[in-house]
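Going down the list, the protein sequences come from chains A and B.
Residue numbers for the first sequence follow the working numbering, so the first one is 1 and each next one is one higher.
Residue numbers for the second sequence follow the working numbering, so the first one is 1 and each next one is one higher.
Keep in mind that the hints were calculated from the coordinates and are not lab data.
Since we're looking at a predicted model, the values are computed, not measured.
Keep in mind that the hints are not guaranteed to be accurate.
If several chains are the same, the list does not tell them apart, and a pair holds so long as it fits within one copy or across any two.
[Stated by the list, open to error] With a straight-line Cα cutoff of 35 Å, these simulated DSBU-like cross-link-like pairs (lysine-lysine) come out:
#1 K40 <-> K178
#2 K40 <-> K249
#3 K34 <-> K249
#4 K19 <-> K40
#5 K40 <-> K281
Protein chains: 2
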Amino acid sequence: MAQLKNDVTENIMTDQDLKINNERLWQSLMEMAKIGATEKGGVCRLCMTDLDQQGRELLLQWSAELGCTHECDAVGNLFIRQPGKNNSRAPVMTGSHLDSQPTGGRFDGVYGVLAGLEVLRTLHDHGVVTDAPLELVVWNNEEGSRFSPPMMGSGVFTEIFDLDWAYQIEDENGVSVKQELDRLGWIGRPMSQRDVDSYFEAHIEQGPVLENANQTIGIVSGGQGQRWFELNVYGQEAHAGPTPMPLRKDALVCAAEMVQLVNQLGHDHAPDACATCGILKIIPGSRNVIPGHVWITIDTRHPEDEVLLVIEQQLRDGLASIAEKHGCSFELENFWISPATPFDRNCVELVREGAELNGYPCREMISGAGHDAVYMARRYPVGMIFVPCENGISHNEIENADPADIAAGCQVLLHAMTARAGY
Amino acid sequence: MAQLKNDVTENIMTDQDLKINNERLWQSLMEMAKIGATEKGGVCRLCMTDLDQQGRELLLQWSAELGCTHECDAVGNLFIRQPGKNNSRAPVMTGSHLDSQPTGGRFDGVYGVLAGLEVLRTLHDHGVVTDAPLELVVWNNEEGSRFSPPMMGSGVFTEIFDLDWAYQIEDENGVSVKQELDRLGWIGRPMSQRDVDSYFEAHIEQGPVLENANQTIGIVSGGQGQRWFELNVYGQEAHAGPTPMPLRKDALVCAAEMVQLVNQLGHDHAPDACATCGILKIIPGSRNVIPGHVWITIDTRHPEDEVLLVIEQQLRDGLASIAEKHGCSFELENFWISPATPFDRNCVELVREGAELNGYPCREMISGAGHDAVYMARRYPVGMIFVPCENGISHNEIENADPADIAAGCQVLLHAMTARAGY
Chain A
1 MAQLKNDVTE NIMTDQDLKI NNERLWQSLM EMAKIGATEK GGVCRLCMTD
51 LDQQGRELLL QWSAELGCTH ECDAVGNLFI RQPGKNNSRA PVMTGSHLDS
101 QPTGGRFDGV YGVLAGLEVL RTLHDHGVVT DAPLELVVWN NEEGSRFSPP
151 MMGSGVFTEI FDLDWAYQIE DENGVSVKQE LDRLGWIGRP MSQRDVDSYF
201 EAHIEQGPVL ENANQTIGIV SGGQGQRWFE LNVYGQEAHA GPTPMPLRKD
251 ALVCAAEMVQ LVNQLGHDHA PDACATCGIL KIIPGSRNVI PGHVWITIDT
301 RHPEDEVLLV IEQQLRDGLA SIAEKHGCSF ELENFWISPA TPFDRNCVEL
351 VREGAELNGY PCREMISGAG HDAVYMARRY PVGMIFVPCE NGISHNEIEN
401 ADPADIAAGC QVLLHAMTAR AGY
Chain B
1 MAQLKNDVTE NIMTDQDLKI NNERLWQSLM EMAKIGATEK GGVCRLCMTD
51 LDQQGRELLL QWSAELGCTH ECDAVGNLFI RQPGKNNSRA PVMTGSHLDS
101 QPTGGRFDGV YGVLAGLEVL RTLHDHGVVT DAPLELVVWN NEEGSRFSPP
151 MMGSGVFTEI FDLDWAYQIE DENGVSVKQE LDRLGWIGRP MSQRDVDSYF
201 EAHIEQGPVL ENANQTIGIV SGGQGQRWFE LNVYGQEAHA GPTPMPLRKD
251 ALVCAAEMVQ LVNQLGHDHA PDACATCGIL KIIPGSRNVI PGHVWITIDT
301 RHPEDEVLLV IEQQLRDGLA SIAEKHGCSF ELENFWISPA TPFDRNCVEL
351 VREGAELNGY PCREMISGAG HDAVYMARRY PVGMIFVPCE NGISHNEIEN
401 ADPADIAAGC QVLLHAMTAR AGY
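Between the sequences and the hints, there should be enough to build the whole structure, so can you do that?
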């Protein structure tokens, strides 16, 4: 730690002078939350709707006051630019998303965007111009609620997704991404070949770890690897009355033990593994019929792909043993694989410095959820800052956060960005 | 046993002369199976359809050849009467149902009806007139597939169901029972106050017990008591990525242990208890969301109501302990209760005699499924005869049975009915 602090001595002094405006950040969040506000205190601002457009217009009105320019790329990502002293340098980026879940909250995504705005505002207040240019990006369609998959904008920017493939994706009313982009005038030049110095994103944790540990800042060191499966369990469908217990091949009783195996594997690979059965269906399912077929989804996550492979092997072995015991059979298929994505160590350390310089209790942690930052990390140096959210609840209208934590995350973001951009 | 045989010495001699016609019984079953035959070799003859009517017409054509009369009661049960020597005596009845499941088989129900017909035919062949009159009854709507609940006809006959309540029940197209009864001309005088000497029903077992034990005749001693429940399990819905294993309240993991408890309670009260979770739903259920709410149906059965109450108490205690361990809560509600229905011992023993006199391997057993006989047993002396079905499979187009077993059950039925009616 001591050595690290020495490495950034040049920033320590200036950092102490650049304090973000806590109240302004909070008020901006509350102002933005009016656009698509729901009765229960949440937000419904679905991607590429008129409400999503209104959110962008409010943001552009604020950023215009700082003299920023802006443009969209070909998939509707919005880049707001604050020139630096040396504009031949690649930009230091920050951002997140303004679209929400159908019953979303006031912080998921929008916090990262408005924290970025507050950084620009604070620098503007103090007349500070960074060496590298800064960019605030609003990724299009992070949530994936209206147009699946999620993280579409950052996925196209990093060439994980093909642009033309994204264009033809339709919502449930048959309206395509391309149609909506045209309607909103959000199509600019393709930018996926751009050079980017680094990308930082502030986000609510969407989990309970920081709150439980009474800590303010999560220093995100990477995105978890994910391996998702579909499991079919086959027994023998039979009448629940005339079929004695010893003669049954009850697919649900077998599946119940498999659900517990999945859960146990998560615990066995503590502290970083997660293993979840999210959907379980009995096919067809009737009160007085012994289940003959059960379908289950399994979601396993870990920061190291090697550990995920170990978990998969233990899962397959355990399932075989359980199925045999119950006289059932099973099929386990890989459904989706996303590799572990460690973040750039320099960016991670800049986030740590920002927290420590300001005296915020912090911990290094993995991002369990997907984020635009995780896609960006596949191509660029990335750092990410988590702040606690109340009871770890997100994707919910009751999503909430403490103004002091919200401010702290923004202050750390300012440190990391200015340290990277220089001034 | 020896003593029992002595008690019926008077029937032993005559019984040996009255052999049913195996081939005729089988051919009649195959002939009836053409009405509503499905491509996969099963039957779709839904209650109160034109096909159901055609089935009755074929039966009435056959019974008319024996000189039988017939009439319907107010709910469309069809009674085919063969007078006895002493028609002031209450009739000895047999029967079952001609309606089928949508994808039903060739034996469920129809076997009991045509076995009864074969008894009448055999007596007719031999010029035997019983002392008491005999009646062959076709219960209306046993399956409950088109009009719920099942066993409607026998339920109204035994006043378990109210006639006017049954009349207004509609199928999924809004057609009522009363409308269909009027259309088919199936409405006669109410008969629920009739005196009945006894009722015997032959049926395929619809379970695997006889086949597994290599036995031919199941001497049914009663209907199981049933206690059905609905269980709600509440945990904490959360994102499957950012929520570490130790901080979860996973309602599905909790529910999985509860499913195993239900299964264990069935085994603990062997050999007669059955305990089944037939439906399990995660609300709402998503691949990457830790389940917060699970709904489960539970079906418990046992021949003794007292044991069912013990099982319920053990279930409630076990659920509380499991819920506490997982940090979840639960609600268990009684959904439906049907009391245990022991059959009349004299009737049961007549079935046993019929099996033993003919040298059929047999065992006493409980009816796990509901049958018209179980409703009849609430008011009248009842005996029931099970024969094996292939792999215990029923309510399925591949339902099958061995012609020799089919004949054996009919021979036992003949013994029980003639022993009861006298001749």
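Hints, verified against the model:
1. With identical chains, the CA atoms of K40 and K178 are at most 35 Å apart within one copy only, with a shortest distance of 32 Å there and 49 Å across copies.
2. Taking identical chains as interchangeable, the C-alpha atoms of K40 and K249 lie at most 35 Å apart only when they sit on different chains, with a minimum of 24 Å there against 46 Å within one chain.
3. For the homomeric pair K34 and K249, the shortest alpha-carbon distance between copies (33 Å) is at most 35 Å, but the shortest distance inside one copy (55 Å) is not.
4. Proximity of K19 and K40 under a CA criterion of 35 Å is satisfied intra-copy only: 33 Å inside one chain copy versus 77 Å between copies.
5. For a Cα distance limit of 35 Å, the shortest separation of K40 from K281 qualifies both inside one copy, at 31 Å, and across copies, at 27 Å.
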